[in-house]
Amino acid sequence: MKYTEEHEWLRVEGDVVVVGITEHATSQLGDIVFVELPEVGSTVVKDDEIVVIESVKAASDILAPIDGEVIEVNDALSDNPGLANEDAIGDGWFVKIAPSDPSQMDTYMDEAAYNALIA
Amino acid sequence: MADLLQTSLHDLHLELGARMVPFAGYDMPVQYPLGVLQEHLHTREKTGLFDVSHMGQVIVRGIDYAAAATALEALIPVDILGLGEDRQRYGVLTNDAGGIIDDLMLANRGDHVFIVVNAACKAADIAHMTAHISDVTVTEITDRALLALQGPGAAAVLASLDPRAATMRFMDVANLDLAGVECWVSRSGYTGEDGYEISVPSTAAVGLARALLDFTDVEPIGLGARNSLRLEGGLCLYGNDIDTTTTPSEACLNWAIQKVRRADGARAGGFPGADTVLSQLKHGADRKRVGLRPTGRAPMRDGVQLFADPDSDHPIGTITSGGFGPTVQAPIAMGYVQTAYAAPGTTVYGDVRGKRLPADIVAMPFTPAKFKR
Chain A
1 MKYTEEHEWL RVEGDVVVVG ITEHATSQLG DIVFVELPEV GSTVVKDDEI VVIESVKAAS
61 DILAPIDGEV IEVNDALSDN PGLANEDAIG DGWFVKIAPS DPSQMDTYMD EAAYNALIA
Chain B
120 MADLLQTSLH DLHLELGARM VPFAGYDMPV QYPLGVLQEH LHTREKTGLF DVSHMGQVIV
180 RGIDYAAAAT ALEALIPVDI LGLGEDRQRY GVLTNDAGGI IDDLMLANRG DHVFIVVNAA
240 CKAADIAHMT AHISDVTVTE ITDRALLALQ GPGAAAVLAS LDPRAATMRF MDVANLDLAG
300 VECWVSRSGY TGEDGYEISV PSTAAVGLAR ALLDFTDVEP IGLGARNSLR LEGGLCLYGN
360 DIDTTTTPSE ACLNWAIQKV RRADGARAGG FPGADTVLSQ LKHGADRKRV GLRPTGRAPM
420 RDGVQLFADP DSDHPIGTIT SGGFGPTVQA PIAMGYVQTA YAAPGTTVYG DVRGKRLPAD
480 IVAMPFTPAK FKR
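Protein sequences appear in the order of chains A and B. Following our numbering, the numbering of the first sequence begins with 1 at its first residue and continues without gaps. Following our numbering, the numbering of the second sequence begins with 120 at its first residue and continues without gaps.
The shape of chain A in the complex, shown without the other chains:
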């Protein structure tokens, strides 16, 4: 698992990168009440806003961690946005991206570095 400074986690599953937000992020956001997901098939560029999250407190964005194509989104979040709070690193994932340049993953933190960041 890799981590971004924007508190996203990235899990490589074969040729696909699964993107979610960390428990640290969900606890800071508070209860999530709405998630707007990108369209499957859309092309994204690193740092594009791809997901909008609304919590009881405020709206925030998830940025694309890598260039690529969105191949799947977690539709369960549309009906039950609280999944992101309940199971941030499991069922609460947001999108799966097929990266066009997998080497972009190398720039991200490992778990130890991320834990140091939020400590």
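Only true hints are included.
With beta-carbon atoms standing in for the labels, derived distance ranges: (1) E164/B / E72/A: 32 to 40 angstroms; (2) E164/B / L117/A: 34 to 42 angstroms; (3) S103/A / P463/B: 52 to 60 angstroms; (4) Q457/B / D101/A: 48 to 56 angstroms; (5) R329/B / S100/A: 57 to 65 angstroms; (6) P141/B / V12/A: 37 to 45 angstroms; (7) K474/B / V16/A: 25 to 33 angstroms; (8) P271/B / S103/A: 58 to 66 angstroms; (9) L117/A / P141/B: 20 to 28 angstroms.
Treat the hints as calculated values from the structure; they're not laboratory data. A virtual CB, placed ideally from N, CA and C, is assigned to each residue, including glycine.
Given chain A's structure and the hints, the job is docking chain B onto it.
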């Protein structure tokens, strides 16, 4: 952070695990470990305890109650003179344009008027009152905290500390003996639920808060849930939904101006901006505060512009408060629209991140008020 003020419950908030944020110059709890959503639902179902000590408590005294009330009527378009002893009512301070300087609660305490004002406005309110009314003294009470106990269980909890709490009706005020100290209590609040606001000597505030939190059904509630509760209750937040640019009629607060202060009343006008306020009472205002229910799941927050149709370039209104209503289980909002679009059932379109999303104008409150009238 060093210059933030603290209420007398500050250490208790930290002990309870609150997340603290700056609010109106105070370091205040926005939520406790329960979280905003559960705190909101708990207050609707059981009982919530809020620290609202940041709000201003003010006493206005003249030679008698009538003198203080009459003086205040020169600044506030409300029947203060006719308010019964130990009764409270809502009012606003107006400016020369009829805009709202602050909203407040006024209580007849026999020989004086007791006022509760918004935290962010209190210094300006006191300066305004002191400058514009004579033969009375305006004194800020700085040695008392203010707690709110809200929810369907509040009456039973407070009555077990002092049985007189049970006999109070909505907007009654009384001195109660709570946990060994005399408190100034009103049966009112800012959640749409039955409940009480309790002015307690600062030195006894932690003791009273602990005594209330000892009840199984009482949980501490932060400012986050306080905001979603009042929004569902259709209640205005000063600085968002009302301010110096909004008049009472625009804000749909006509009900707060009793007949005696209106055009044909015995004490008509005589307050700042009376020409505008009384004219709008008679003829209506060009825009109105309304409730909105976005038809989708996306919340519309303050600042979202409203349009009559999805392609229009000219906004017909703006959201002033919005978010997710935990009890309604859907996004809710309030805002101002041109009066032509203010009728319930009208569909307008909010510009959310570049998309025009529909929202229906609806009557408020969003959840039924549970006041003990």
